[in-house]
Amino acid sequence: MKMENVILVFMKDWREIRRNWQIILPVVTIPIVFSVFLPLVTLLIPYLAGTSMSATQGFESLINNLPSQVQLEMAEMTEQQRTIYMIALYFFAPFFLIIPLMASSVLASDSFAGEKERKTIEALLATPISDSELFLGKTMVSFVPAMAVTTLAFALYSVIVNAISFSVFGGRMLLPNLVWLLLIFGVAPTIALAGIGLTVIISARVKGAREAQQISALLLIPIFILLFGQASGAVVLGPLVVMALIGLFVVIDALVIYLGVRLFHREEILSRLA
Amino acid sequence: MPSTPAIETIGLAKRFNSFTAVNDLTFKVSEGEVFGLLGPNGAGKTTTIRMLACLIPPSNGSASVAGYDIAKDASKVRENVGVLTENPSLYERLTAYENMEFFAQAYGLADQSKRNARIRELLEFFDLWSRRSDRVVTFSKGMKQKLAIARALIHNPHIIFLDEPTAGLDPESAKSIRDLVERLSQQEKHTFLLCTHRLEDAERLCRRMIIINKGRGVAVGTIEELRNRVERGHVIEIALKEVDRKVVETVKRLNHILNVDTNCSSGLMRISVEDHDSVTPEVVRSVVNAGGQVLSVNVLRPSLEEAYLKLVKKEEGRGQLV
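Read top to bottom, the protein sequences are chains A and B.
The working numbering applies: residue 1 is where the first sequence begins, and numbers increase by one.
The working numbering applies: residue 1001 is where the second sequence begins, and numbers increase by one.
Just chain B, same shape as in the assembly (with noise of 0.2 angstroms):
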């Protein structure tokens, strides 16, 4: 398989007539990493994943994946990739066997005996093998989610895209999702683009992730980066015994602090700083000198999710952050 980046777009888009699903989207995925593609609902996430995908063309911009174009090499692409649909996708009056073994062929997996053990190894896996000869129109939303999954997985593709992977899943088998994706790119280096507005799923799984909404990038890097667009610095939350006024002015005095809030009913103290490393031990020596009895002293970050929002937010009102 060609080098990284395993997904490299630039300035993607796409239009259905007048209307823009996806605005010059760019970003690259290296070999190996879980990237995640995270953004509310009509965000233009799936549009991505099918034009990857090569299920409809861009309308502008170019796409390699695997090394391939989109453009010019959309067999070469299909043959590499694994895809997880936005719905199962499944054919419900064929049994779960027979779905997997249509799509093993439609792969190229040609030899019967390999086809039949992967097939086995996927659905026993998937806690799905006592269920083979089952018609998939009598399956749970999970199991149909589950089949899906191992239907994408039946090729044993280096580069898998997963739309909503965990939807419709129980926490149990949510998990052994996220396991399966995590030993998947670290042990074998499988690539994950993974489209999901769960963000429990891409602060757990993705390295990286590009935030997207109305169609266009707002922010791309890791978490602590993308926390940090959000809010600069951090903030040091002392529980005390009492909030003591005098203690209040100490830390106001001292140096690199952005903001001290207090609240004297529950006892908490909250300091704003840029760099709480460096800054924290000073502050927690001063305020026990100034006779502050420290119960706790927690540093607050801004959640993914709080990052998230503010930036989808921050997005609504102007242009382009990536």
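Bound conformation, chain A alone (with noise of 0.2 angstroms):
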């Protein structure tokens, strides 16, 4: 396998990206959503309602499951810093999955279907370059730019999260911690590489972009039962549960690439179109 060909591949889908505003658009949006938008509005309520706010009785069972240590820590806190502390550190964690994920399966997606659609595809596969190649081309033109948004999604995040707990805390700021790190440079790629794999081999197998992001939309679920176990308590991001999942996506990174490489045959792309 050479290189080269798979960053031609990367640079070729990169600069055709660039100029299509219909995949730039969600895949800057959905990030600035999570980020910017929806911790600004949670985030807000309590810092403006002050320590009236008793916003943690919904977080109980979440809080009971911390670490003894954070437990300890969130004792000595005020009702308002435990509301923003957990907000800002737990509730939001998950949310930090789904970018990467969902960034990622609107640029899998299009990545052979699309050039399907386009009539391109024929053209692309008449090259020289393997199918190996053209599938890690392919995967990287996903990742890279879905890691780069989940990046900024993360700087942006800790800028509104400093600013409130700078005040709330008493000049402490929260972000970035070891497992948010571990969140962000551990799991969400792992996790990102994993699902823009799988979505590259349904984009083979499928006839068009929308096709190939309906079933890659699937992918979301056990990201949103990880939200939804954190938020009533039944799971916790901590730094072991951060570093389980780490392991488990590397090893679920390692087998899908292998699929991937194995499954992944341009010759069936357009026997399945025809």
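Hints should not be assumed to be uniformly reliable.
Unchecked claim - The calculated DSSO-like cross-link candidates involving lysine-lysine, where the alpha carbons are at most 30 angstroms apart (straight line), are: (1) K1114(B) with K2(A); (2) K1072(B) with K1028(B); (3) K1214(B) with K1310(B); (4) K1214(B) with K119(A).
These aren't lab readings, by the way, just hints derived from the structure by calculation.
Mind assembling these two chains? They're in different frames, but the hints should get you there.
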């Protein structure tokens, strides 16, 4: 496998994507909604409401499942601080796993299915670029922008959280912390890669990008389970859980890439299309 | 590059579920030959090209391109062929130059100066150099077609598959494509597999051709051979000042005359013969001796179009002819 061919496919697709607002718009707006608008609305309510707010009642079971060290730390906090702490560090964490998956699903769905729709696939498949180079190039063009927007979203989110925590916690900045760093640079890329790999495999097997996107949306279900699991206190994204998730998704990634390279046969793409 | 045949198919077939797109197709193309793949829409021409370009696998049979087996050495086949696909297959959000550069690199043109020179040469040839920085989406259908042909030639392949190369082109551009194909095949010994239903292109360019219909080979050969398949013999058309009964009877009595038709109002006499070379002088002499005043003499052959239509029609009702 030649890496220059993988990069060639990546660069070609990236040039196209940059000029396609139908793709750029959802890839940029979803992270902004999750990292700026939702947190602003959710965090500003307890911030403006002051100490009278008692939103932590809804998080009781989550708090009870937190590591004892965190519980001890929280015991010394005011009601407002506890609310902001819970929302900023725990409630929003799963959203940052949705961002790379949703952004990459738009890009990955377009990979082969988009080329089929635009009738550009034949000339690409006629080149001597190997199947694995094509697969990895298409995977990379979804992964890099998805991780770029996730990192950017995290940076924006950190600014908002820190701006609020700075005044509420007397100069303390909550982000970044170890769990969030592991989440953004450990779980997010591995989960994105797994999602992208699967979506690219699906994209090569369906007729259009919309069809691929609809099927790949199913990949969000485990993340929503995690979101509701954490909100209900059944799961807490603490360091151990995050490390376990990284380990799990590294294995899934290896499996998906192995399967993707093995299952991806260009000759099947046009056969299915015909 | 391995020696001839440049392309060879043996019993090539492609089925999509219960539909058979190509069935038992056998032909050979020599190096430097322009070989035509003729047939109506849906005949299986594009499917054949897709199989030979290793875009889809055959269901049955085998084929080699540039000496490489399409099933075992697909990568080598792809390196050695240039393909103009049915659709221009261009990235419309990229510029003409970006399209060319991507495909140049994809086909292994690593040296940037050589790559740039090749792209410039082709874009200038197709009058697209001044539009190189424009996105393809702004191009006309003809410009896209020219750019797609330029892309097929980017790595200077010895074997080129052209699927409807002059579709959408104005007469001048179509002629320049035909001239290019002619030059590349004659001077540089490039082999072309030309898939078309424009018989004008086939007649002008192809040394030999195969007519396919409903996925099956109907006939293969030179234009002359295809004409002979539909009509044995020729028609001598003599224009007379006046068609006289005596003249007609005299001609009918000659040897090797198959049939005589006359049209008194136009003064035309059509004489069917087996071999016009030996019979025409004798026929003309007899007409003159019988008192006929000859205005002109023409030997009529079925055109490729007539031959094509008859062969396709004939095949509709019966088996394979090849």
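Okay, the hints, checked on the actual structure:
| no. | hint | verdict |
| --- | --- | --- |
| 1 | K1114(B) with K2(A) | holds (21 angstroms) |
| 2 | K1072(B) with K1028(B) | holds (19 angstroms) |
| 3 | K1214(B) with K1310(B) | holds (15 angstroms) |
| 4 | K1214(B) with K119(A) | holds (24 angstroms) |
Hint check: no violations occur; every hint is consistent with the structure.
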